[in-house]
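Let chain A serve as the given structure and place chain B on it in line with the hints.
Chains A and B, in that order, give the protein sequences.
Position 75 (the first sequence) corresponds to 75 in my numbering; numbering is contiguous.
Quick note, my numbering runs 1000 ahead of the 1-based positions in the second sequence.
Treat each hint with caution, since some may be false.
Example chain B residues on the side facing chain A (calculated, C-beta under 7 Å, incomplete) [what the hints assert, rightly or not]: (1) 1068; (2) 1148; (3) 1152.
Calculated from the structure, these hints are not laboratory results.
We put the CB at the ideal spot given by N, CA and C, even for glycine.
Protein chains: 2
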Amino acid sequence: MLSVIKIGGNIIDSPSVLSQFLQIFSRIEGAKILVHGGGKLATHLAQKLEIPVQMHDGRRITDAETLKIITMVYAGLINKNIVAELQSLGLQAFGLCGADLNLILATKRPLKNGIDYGFVGDVQTVNGKALFDFLSQNISPVIAPISHDGNGNLLNTNADTIASVIATSLAKLMPTNLIYCFEKKGVLSDPQDDNSVILEIDEAKYALLKQNGVVSAGMLPKLDNAFEALRQGLEQVVICQADALENFGKPNFVGTSIRLSNG
Amino acid sequence: MLSVIKIGGNIIDSPSVLSQFLQIFSRIEGAKILVHGGGKLATHLAQKLEIPVQMHDGRRITDAETLKIITMVYAGLINKNIVAELQSLGLQAFGLCGADLNLILATKRPLKNGIDYGFVGDVQTVNGKALFDFLSQNISPVIAPISHDGNGNLLNTNADTIASVIATSLAKLMPTNLIYCFEKKGVLSDPQDDNSVILEIDEAKYALLKQNGVVSAGMLPKLDNAFEALRQGLEQVVICQADALENFGKPNFVGTSIRLSNG
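Okay, chain A solo, but in the shape it has when bound:
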């Protein structure tokens, strides 16, 4: 079984939380891939360098200078420090971005309503075979959320999307779980109650949850994407907190497991 695990800013932004997570990650049995986002480091660096953050409708516009920051922070600073730390834990890890081994080929996002989002990539193809070869040798890839366009340009790409396309690509070659490490313990039935985790969601239950308005609006696109990935052959998509991973697969695991059918 392959676990593709995605972590974001809530883990990366704290060295001690990251260290704790990497220890858990290194102990996960079976093949594993880590996809990391960027967190606040890139924003801090952009501020120090006085590169203005341009937003449109809540989305960051990646101009040439911002792309440089992202490449330095994601593929350099964060990626290589994670790899060095995993090596110290005895895990044979190595870091890549989407340009390496032609891992993630993308196209620059076309103008949308006249807005140029800059160097942002929409994924076209994934070289799952290259990752499979590493996994077969007990090597754990650590992936920075950057793709390339095949014409020499790097492109900023959403880390959740990168995790999803990598997992669905590998799912064609081996049974694969996709695990999103989240701030909350999972999908909550009551947003005010952190312990109201819905442990299992299948398509029928999801239809009900939507109908009853139980799932929050922010969670809907995440769940829609999860079901889309499941239809492409994933075993399950899991949403949980990073420290819950320690118990993944055990009866005391707390988190939301999403499958097409929990029958």
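Frame of chain A, contents of chain B only:
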């Protein structure tokens, strides 16, 4: 035949010169590895971030903040842009630093005469086997001059040294040439005359050149290191300009070929 090619600031600092070099590199026949230095980009970024450059006896001291800069610029910005450009030229490239795949394990340099050079690594072991596996699949590694200590720390390491230890490690597995791309056309017999390239140097000739004071003081450590690498099994060490690489192996090639004996 494997070519391990090292490029430095004179190539990296100019996007057009770098592009021209990468085109030549992509056309080199046989297995190839590119080792790149950092150039002025790291210095510029440190200046912008107002991180003081600390020097001692002409050597930079790598404090924690400087190490971050180096990791971002070398392993991120430079490394990934080179890989993306090589991919656009049809070369299956991928970038790594010494932490990836435990490629270059080093120890933090001990205090020297009471001076702490900071996060600087002296190479202990090289995972040549990992690189050999890539080369066997027609994949070209692109290596940033950063090592790690096995305890989770990245270490700044001289790019000439990285190129040399990688070449000597691979030389145990396949015939290997080490090529330094240099500002000058090669080792000059007259430092004032750029065309006075000494085409071949073997141990006997080197002894004579030193005796006659022909080789400049700055060149001596480079040549000493070259002969040390040759004694560890390299075919030849070559010092030439980047654009001369186009003719490497042909009669019109201009550059200095260093062998133990040119018999």
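These are the hints, each one checked on the structure:
1. With 7 Å as the threshold, the beta carbon of residue 1068 (chain B) comes within range of chain A, its nearest partner Cβ sitting at about 6 Å, so the hint holds.
2. At about 5 Å, the closest approach between the beta carbon of residue 1148 (chain B) and any beta carbon in chain A falls short of 7 Å, and the interface hint on this residue holds.
3. A cut of 7 Å between beta carbons decides the hint on residue 1152 (chain B): the least distance to chain A is about 4 Å, and the hint holds.
Hint compliance for this structure: no hint is broken.
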